[in-house]
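Peer 1: Below, each chain spelled out in residue letters.
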Amino acid sequence: MAVKAPKLAKDFWGHFNRGVAWLIIGLQIIILAALGIVLYVVGFFENNPLAVVATLLAQTILGVLASALLFRFVARPLKDMLAAIIHVSGEPTTSTPPNPNDTRFEKSGFKDVLQTIYQLASNEPAPADAPATLSEGSEPAVTPQATHSIIERALDNTTCGFVVMNHERVITFSNKAAPINIDQNGTSHLSLLFNGEDTLENWLTHCEETAVRAEHTWTRIPNKLPEEEGRRFFDVIASYDKGAESEVVLTMIDRTEQYAVGEQELDFIAFAAHELRGPITVIRGYLDVLQDELSDVLRDDQHELFRRLTVSANRLSGYINNILNTSRYDRRHLKMHLTETSLSDIYDTIKDDMDLRASAQGRLLSVTIPSDLPHIAADPASLGEVMGNLIDNAIKYSNEGGAITVTASMKGELVEFSVEDHGIGMPGNVVSNLFQKFYRSHRSRETVAGTGIGLYISKAIVESHGGTISVRSEEGRGSTFIVSLPTYQAVAEKLKAGDNSNEALIEQGSGWIKNHSMYRG
Amino acid sequence: MAIQTILVIEDDRFIGEMYVRSLKKAGYDVDWMIDGNDGLIAARNKAYDLLLLDVMLPERRGSDILEALRGGSEDLIPHSKVLVLTNFEQDDESRLAMEKRADGYLIKAEITPSKLLAVIKQLDSQQ
Numbered sequence: 001m002a003v004k005a006p007k008l009a010k011d012f013w014g015h016f017n018r019g020v021a022w023l024i025i026g027l028q029i030i031i032l033a034a035l036g037i038v039l040y041v042v043g044f045f046e047n048n049p050l051a052v053v054a055t056l057l058a059q060t061i062l063g064v065l066a067s068a069l070l071f072r073f074v075a076r077p078l079k080d081m082l083a084a085i086i087h088v089s090g091e092p093t094t095s096t097p098p099n100p101n102d103t104r105f106e107k108s109g110f111k112d113v114l115q116t117i118y119q120l121a122s123n124e125p126a127p128a129d130a131p132a133t134l135s136e137g138s139e140p141a142v143t144p145q146a147t148h149s150i151i152e153r154a155l156d157n158t159t160c161g162f163v164v165m166n167h168e169r170v171i172t173f174s175n176k177a178a179p180i181n182i183d184q185n186g187t188s189h190l191s192l193l194f195n196g197e198d199t200l201e202n203w204l205t206h207c208e209e210t211a212v213r214a215e216h217t218w219t220r221i222p223n224k225l226p227e228e229e230g231r232r233f234f235d236v237i238a239s240y241d242k243g244a245e246s247e248v249v250l251t252m253i254d255r256t257e258q259y260a261v262g263e264q265e266l267d268f269i270a271f272a273a274h275e276l277r278g279p280i281t282v283i284r285g286y287l288d289v290l291q292d293e294l295s296d297v298l299r300d301d302q303h304e305l306f307r308r309l310t311v312s313a314n315r316l317s318g319y320i321n322n323i324l325n326t327s328r329y330d331r332r333h334l335k336m337h338l339t340e341t342s343l344s345d346i347y348d349t350i351k352d353d354m355d356l357r358a359s360a361q362g363r364l365l366s367v368t369i370p371s372d373l374p375h376i377a378a379d380p381a382s383l384g385e386v387m388g389n390l391i392d393n394a395i396k397y398s399n400e401g402g403a404i405t406v407t408a409s410m411k412g413e414l415v416e417f418s419v420e421d422h423g424i425g426m427p428g429n430v431v432s433n434l435f436q437k438f439y440r441s442h443r444s445r446e447t448v449a450g451t452g453i454g455l456y457i458s459k460a461i462v463e464s465h466g467g468t469i470s471v472r473s474e475e476g477r478g479s480t481f482i483v484s485l486p487t488y489q490a491v492a493e494k495l496k497a498g499d500n501s502n503e504a505l506i507e508q509g510s511g512w513i514k515n516h517s518m519y520r521g
Numbered sequence: 001m002a003i004q005t006i007l008v009i010e011d012d013r014f015i016g017e018m019y020v021r022s023l024k025k026a027g028y029d030v031d032w033m034i035d036g037n038d039g040l041i042a043a044r045n046k047a048y049d050l051l052l053l054d055v056m057l058p059e060r061r062g063s064d065i066l067e068a069l070r071g072g073s074e075d076l077i078p079h080s081k082v083l084v085l086t087n088f089e090q091d092d093e094s095r096l097a098m099e100k101r102a103d104g105y106l107i108k109a110e111i112t113p114s115k116l117l118a119v120i121k122q123l124d125s126q127q
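Sequence order for the protein chains is A and B. Okay, so the first sequence: first residue is 1 according to our numbering, each after it adds one. Okay, so the second sequence: first residue is 1 according to our numbering, each after it adds one.
Bear in mind the hints are in silico, worked out from the structure with no lab data behind them. Since we're looking at a predicted model, the values are computed, not measured. Any given hint could turn out to be false.
[As the list claims (entries may be wrong)] Sample of chain B residues lacking proximity to chain A, with all beta carbon distances greater than 12 Å (derived): (1) ILE3; (2) GLN4; (3) PHE14; (4) TYR19; (5) ASN37; (6) ASP64; (7) GLU67; (8) ALA68; (9) GLY71; (10) LEU76.
[What the hints assert, rightly or not] Label-pair distances were calculated between CB atoms; the ranges are: (11) B:ASP103 to A:CYS160: 19 to 27 Å; (12) A:ALA211 to B:ASP75: 42 to 50 Å; (13) A:ASP372 to B:GLN126: 20 to 28 Å; (14) B:LEU96 to A:ALA272: 45 to 53 Å.
A virtual CB, placed ideally from N, CA and C, is assigned to each residue, including glycine.
Required output: the full structure, derived from the provided sequences and hints.
Peer 2: So, in structure tokens, the structure goes:
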């Protein structure tokens, strides 16, 4: 068999260039000869033979130059493509591979072509005669090529990103939807910005040390910084299988649409909070000032009206807090700043408000919270809101003159806080749905106003403290809501004993426990 | 040294007047600045016992004022206490940064003038 074709891809360019050069020169000579014959036959040479010959020669030389120039321009993408192929084929070469991020490629749109070449190269197993850099050590896949490409095509058609890595954390496969950057060496990199310490790298290191098989999920992982163009959000699921050819498999679900909206709303919430709280500040503040300044002038019934104004403004304020907290919680931005405190201290911050609410609505509120209970790790404002919500509900769902009893005690390892009313109570089927968002029982829809987020957000807050909330109720006889919380000591020890992700950021006394996600699932 | 002189930096007239009125009535000497630049200058020119600092301010945000006063190697207001009073929901990082430098961080909507007086008394008793 005649081996005329170049052996290496990089030899092709010289060969091709020579061929083109011969073609250009040959064509020009043919044109020159044809023109010469025509001019001779017509009799042009007789007048001024020298000038005609000179013109013909000039035309030929210019023609060669022009053709060569044209060739250089037309063949440029071919040359770049070839350089990329030479590079990915692994042939020895001194030239630098074309960089897809070069501005001239970006302008002409050639970038995609180059990226496709690099990507194809990093996806396909290297051909047998070239030294394989990717599937090193492993047996060539026994799966027939056809099956392989059907699966790959199918994966490329999904909107889910898939990435496979070997034991050296080198990406051996990625489909089209995967957020991948390919550098000029043809190496793929994941472009995901993990949050804090909880990165893929750290998890893999942890797996390598301790696990044979493991799975981990990250949510809301962006591929770019805020404000950057083309920012997308992914939920990432990683599975790890020690020693397997595909040791790490990543599945990335594009959640941009859900999360991007969340981001905007979050911004909106921050400003809405400011706007809603402004007027409330003024109303509550001026009522406070006026009530004080007018205390000697007002008649008793006018005092009562003032009290009602205050109670209403306070309830509105509480409700605004519920809305803000619910929005934050639903977007996973509800964070607890846990600090060492006691139930009685927290209740003291809302005591006046609660007394006022109960008396304005004719309920008998009795509160017994022993001040010597063990301390708890709590976000005082949030837990105060929970207490307020429960007492508010007890007021709402009981009758005028009804007694509401708030107590607290130690139950085993937990500090328990309960709110008991003797109101309308609930049947069992209502109790089971009680903590759902927007849930309101059929009957309470008709008789009591409300939106059904109070218990939902209370549960979220209590659970963020590592506690539980439960309810005992009997229809017609009243309900008791019980909040159980771990002691400060227990939380502090758990944080200390926890893995390094908590970084033991605990200071005793008045310091913050700077851990916001410990109890978030 | 009990708290006697107070600087209120607050751009909302309704809210500012409310605090100034009740603080004056309670016997404090109160100065009130509307924008962030004036607030910073006032805080540096006179050693107030207490600063009430809003966050969303024209010209210069409260967080920047606090940074300028206490962010450097030297505390420029070593004799003053600072209470941050805001209705704005800051991101965690900014909030924690301010909490670290201030003596208190309160949501205005939760703090009626009488509660504010109680907080100031408490600050006083901590000394």
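Peer 1: A separate judgement is required for each hint: does it hold in the structure or not?
Peer 2: Hint check:
Every Cβ of chain A is farther than 12 Å from the Cβ of ILE3 of chain B; the closest lies at roughly 20 Å, confirming the non-interface assignment. Non-interface call for GLN4 of chain B relative to chain A: holds, since the shortest CB-CB distance, roughly 21 Å, exceeds 12 Å. Distance check for PHE14 of chain B against chain A: the nearest CB is about 5 Å away, which does not clear 12 Å, and the non-interface claim fails. The Cβ of TYR19 of chain B does not lie farther than 12 Å from every Cβ of chain A; its closest approach is about 8 Å, which violates its non-interface assignment.
With a least CB separation of 21 Å from chain A, ASN37 of chain B remains clear of the 12 Å interface cut-off, as annotated. The claim that ASP64 of chain B lies off the interface holds: its Cβ sits roughly 17 Å from the closest Cβ of chain A, which is beyond the 12 Å cut-off. The beta carbon of GLU67 of chain B sits about 20 Å from the closest Cβ of chain A, which is more than 12 Å, so the claim that it is off the interface holds. Once the 12 Å rule is applied to beta carbons, ALA68 of chain B is consistent with being away from chain A; the minimum gap is 23 Å.
The Cβ of GLY71 of chain B lies farther than 12 Å from every Cβ of chain A, with a closest approach of about 19 Å, so its non-interface assignment holds. Look at LEU76 of chain B: its CB is around 25 Å from the nearest CB on chain A, clear of 12 Å, so calling it non-interface holds up. Distance hint for ASP103 of chain B and CYS160 of chain A: a CB-CB separation of about 51 Å, inconsistent with the stated range 19 to 27 Å. For ALA211 of chain A and ASP75 of chain B, the hinted distance range of 42 to 50 Å is satisfied, since their beta carbons lie about 49 Å from each other.
Distance hint check for ASP372 of chain A and GLN126 of chain B: the Cβ-Cβ separation is about 23 Å, which falls inside the suggested range of 20 to 28 Å. Distance hint check for LEU96 of chain B and ALA272 of chain A: the Cβ-Cβ separation is about 22 Å, which falls outside the suggested range of 45 to 53 Å.
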